[in-house]
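As a plain string of letters, each chain reads:
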Amino acid sequence: MKTLRDAKVGETVKVVKLHGEGAVKRRIMDMGITKGIEVYVRKLAPLGDPVEVNVRNYELSIRKADAEMIEVE
Amino acid sequence: MDKQLRIALAGNPNSGKTTLFNKLTGSNQFVGNWPGVTVEKKEGKLIVDREVILTDLPGIYSLSPYTLEEVVARNYLIEEKPDAILNIVDATNLERNLYLTTQLTELGIPVVIALNMMDLVKKAGDVVNVKELSRQLGCPVVEISALKGDGVADAAKAAIEAAKHGKTLPQHSFSGPVEHALAHIEEVTVHNLPEEQQRWYAIKVFERDEKVLEQLNIPAGVRAHIEQDIAAAEKELDDDAESIITNERYVYIGNMLKGIYKKKGKGQLSTSDKIDKVVTNRILALPIFVVVMFLVYALAMGTSIADGGIAIGTFLTDWTNDVLGGAWLQDGSRAILEGWGAAPWLVGLISDGILAGVGAVLGFVPQMLVLFLMLCLLEDCGYMARIAFIMDRIFRRFGLSGKSFIPMLVGTGCGIPGVMASRTIENERDRRMTIMTTTFMPCGAKMPIIGLIAGALFGGSTWVATSAYFIGVAAIVISGIMLKKTKMFAGDPAPFVMELPAYHLPAWGNVLRGTWERGWSFIKRAGTVIVVSSIVIWFLTSFGSVNGQFGMVDDLYEDDAVVTDEYIAVVADRMGIPEDEVEPMDDSILARVAQPVSVVFKPLGFGDWKPTAATVTGLVAKEEVVANFGIMYAYDDQEGEEELEENGDQIWDRVAEDFNAFSGGHGQLAAFAFMIFNLLCAPCFAAIGAIKREMNSRKWTWFAIAYQCGFAWVIAFIVWQLGRLFAGGVNAIGLIVALVLLALLLWQLFKPYKEAQKLTVK
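As they're listed, the protein sequences go chains A and B. For the first sequence, this note's numbering gives the first residue as 776, with consecutive numbering after it. For the second sequence, this note's numbering gives the first residue as 172, with consecutive numbering after it.
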């Protein structure tokens, strides 16, 4: 299973499924990362975490631990 | 008279909501907090109609039960039922903004949409069919530019009209299995609730929203019945109920926008993207961050302009302290009052008590205004979010936010603005943790204490000051790790999924207003606390019982009938000092109280009344610690000597002698423990006032103070007891207790810990 965490900088991936539950999952979905949406991985923070992605035409910062819950292809 | 209309302003963070609120209400605003939480609440009267109250809800992305801001907003909307919602929508980011709109339209409250930043959309060549958007959403849409003020009055009028006559019905529907379940839920559980709110409640029940389920208290049988419908929908759509709803909202918006929003072309980088490419570049990000932080610090708290630095803040504060506060207010008022022939106690109360306290507060104001101005600038232009992005990795390990860096940095200058700078942290748990730990940083006023100890007992060694910073940082790290595992902090989850808003030029109106609001709230709240406490401390040091007579000790000591030679001998004996060193202050309430209280510090090695009294007066201002040492070690500047130096070097010998005497020859160790305690214990009253203001809760304020004092005591205790293992003279019981405390500390530090998933509000 490939997750958003594995996606490389500069890559555009498509969300397949969201794992996990509760607050973090809801928050990720509230911010617009839902099934079928395309996510562009823009960059890594200088210290290697979190990741900056572009989704629904805006910039979002997400921790790698949370990105692991997002299955992509 | 008609019922007063109330309109709620709702919208995403960074959608221009603050700008719109300011444009709609002008100067007519009341700033406070939502009850019991650290979230700021603003209300104002509309400029177009002074009879209408506009309530600014916290910036939110959704009405989920998981973040404090969202819970505050939805509780207000459901319980207070405002007459209309003015929903500001960022036209450059329609999809995510309308996601909140779909939820707002379900509340049974008329909604009016203020479509902001349409000018930017048009400039980019994109097209939004506003008429069609309004038709599809079922509510009026007004195009505005909050920054320029275009259309703002029209939006307000539309909202008033809607509040009087409007009605909004949600236009979107969910898929078959969901609607089927919703119909059932409406039938069996929510039919006795107000009709217009039934849809909202039904959807929340379907989502298994804990807060709503708790509130409705559905009987178990009914609950099981509903659960079947929900489970059926979940099975058919292969997802959990909450995610189904979220997903379908976004799908609905996506389909709707296909016919409404036309993007000209895509791919080219915006100006904001170009800036961000440099500013958060992997290599350049940290150096740029250091430069920005250096500038903030150097301009506000660094070396004053008068001394060749660039700090306008320090320059103004020095002037306020020395000229306005010291010379004009304190000395001036004394001259005037004495000229009027006022009683000495009254002169003392007003000049030395109240005005000295007010002066101390005023002194901070210019420095803080400069600092807040820069913080507001960073916030408004979008860099603050990047600070969290850059520093998150380090700080989250200690239960803090990447944005905690700024309060800590500012705290090395002064803890008060440090505590107040925590307001930019979104997560309440991180914010509270930051408020509690910021004052561990050695602030400017603690420097003289370090100077005194280093000079008097360590031959001026620089490692003492270095160790003070190290201890401050270590205290923050250790406290963060320990506290985040405690019950007080374990409650709330901290998802760090954060929008990085586009950079833009700061809106000066917002920046200046934000600066002033913070400055004013400091003057008001910290001001009252410090004034009252200054009076109390002034009273404790000025009054006392001398040879059976109560009054101002300075006056009573003038009277030889009261202060007889025999009495002086008694005092000298009680205080353990030679007779010729007896001072009026030795009979003050403070000295009397400090004597028994000093028992508390016995296990820390400095259980003597002098360091105890100095520690207590340190609550007024940490500078007072050294000043009081000066008084207690009988430094008298009236006998032709120079004024006591800031680090008290004239009394170093006497301090060293005394510390060595009462600690049984371990003066260095006792002094170091004394310094640790004073660095880590509760900050001055002004900073405590700031903590109270930011925590917005008596319980949390007391918890913070108790924790700081307790932590300071434990660390100083361990240092003193374990230190004697090497210095000689071990106390067996003390050593065992110290080892137990150390073990507890380490256990709390290293025990496993799991993030919570639920938000606990009230």
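You may find that some hints are simply not true.
[What the hints assert, rightly or not] Below, in silico cross-link-like pairs of lysine to aspartate or glutamate (DMTMM-like), each with a Cα-Cα straight-line distance of 20 Å or less:
| no. | chain 1 | residue 1 | chain 2 | residue 2 |
| --- | --- | --- | --- | --- |
| 1 | B | 433 | A | 813 |
| 2 | A | 789 | B | 240 |
| 3 | A | 792 | B | 523 |
| 4 | B | 429 | A | 813 |
| 5 | A | 810 | B | 409 |
| 6 | A | 810 | B | 493 |
| 7 | A | 810 | B | 266 |
| 8 | A | 810 | B | 419 |
Treat the hints as calculated values from the structure; they're not laboratory data.
Proposed proximity, residue 240 (chain B) with residue 789 (chain A) (alpha carbon, max 20 Å):
violated, 30 Å
Mind checking the alpha carbons of residue 810 (chain A) and residue 266 (chain B) for me, to see if they're no more than 20 Å apart?
Within the cut-off at roughly 15 Å; holds.
Do the alpha carbons of residue 792 (chain A) and residue 523 (chain B) lie within 20 Å of each other, as the hint requires?
violated, 68 Å
For the pair supplied as a hint, residue 810 (chain A) and residue 409 (chain B), confirm whether the alpha-carbon distance does not exceed 20 Å.
Judged against 20 Å, a Cα distance of about 12 Å means the pair holds.
Is the Cα-Cα distance between residue 433 (chain B) and residue 813 (chain A) 20 Å or less?
Holds, because 18 Å separates the two Cα atoms, which is no more than 20 Å.
20 Å Cα cutoff - pair residue 429 (chain B), residue 813 (chain A):
holds, 16 Å
Taking 20 Å as the top limit, are the C-alpha atoms of residue 810 (chain A) and residue 493 (chain B) close enough?
violated, 64 Å
Next pair to validate is residue 810 (chain A) with residue 419 (chain B); report whether the Cα-Cα distance is within 20 Å.
holds, 10 Å
In summary, the numbered hints that this structure violates are 2, 3 and 6.
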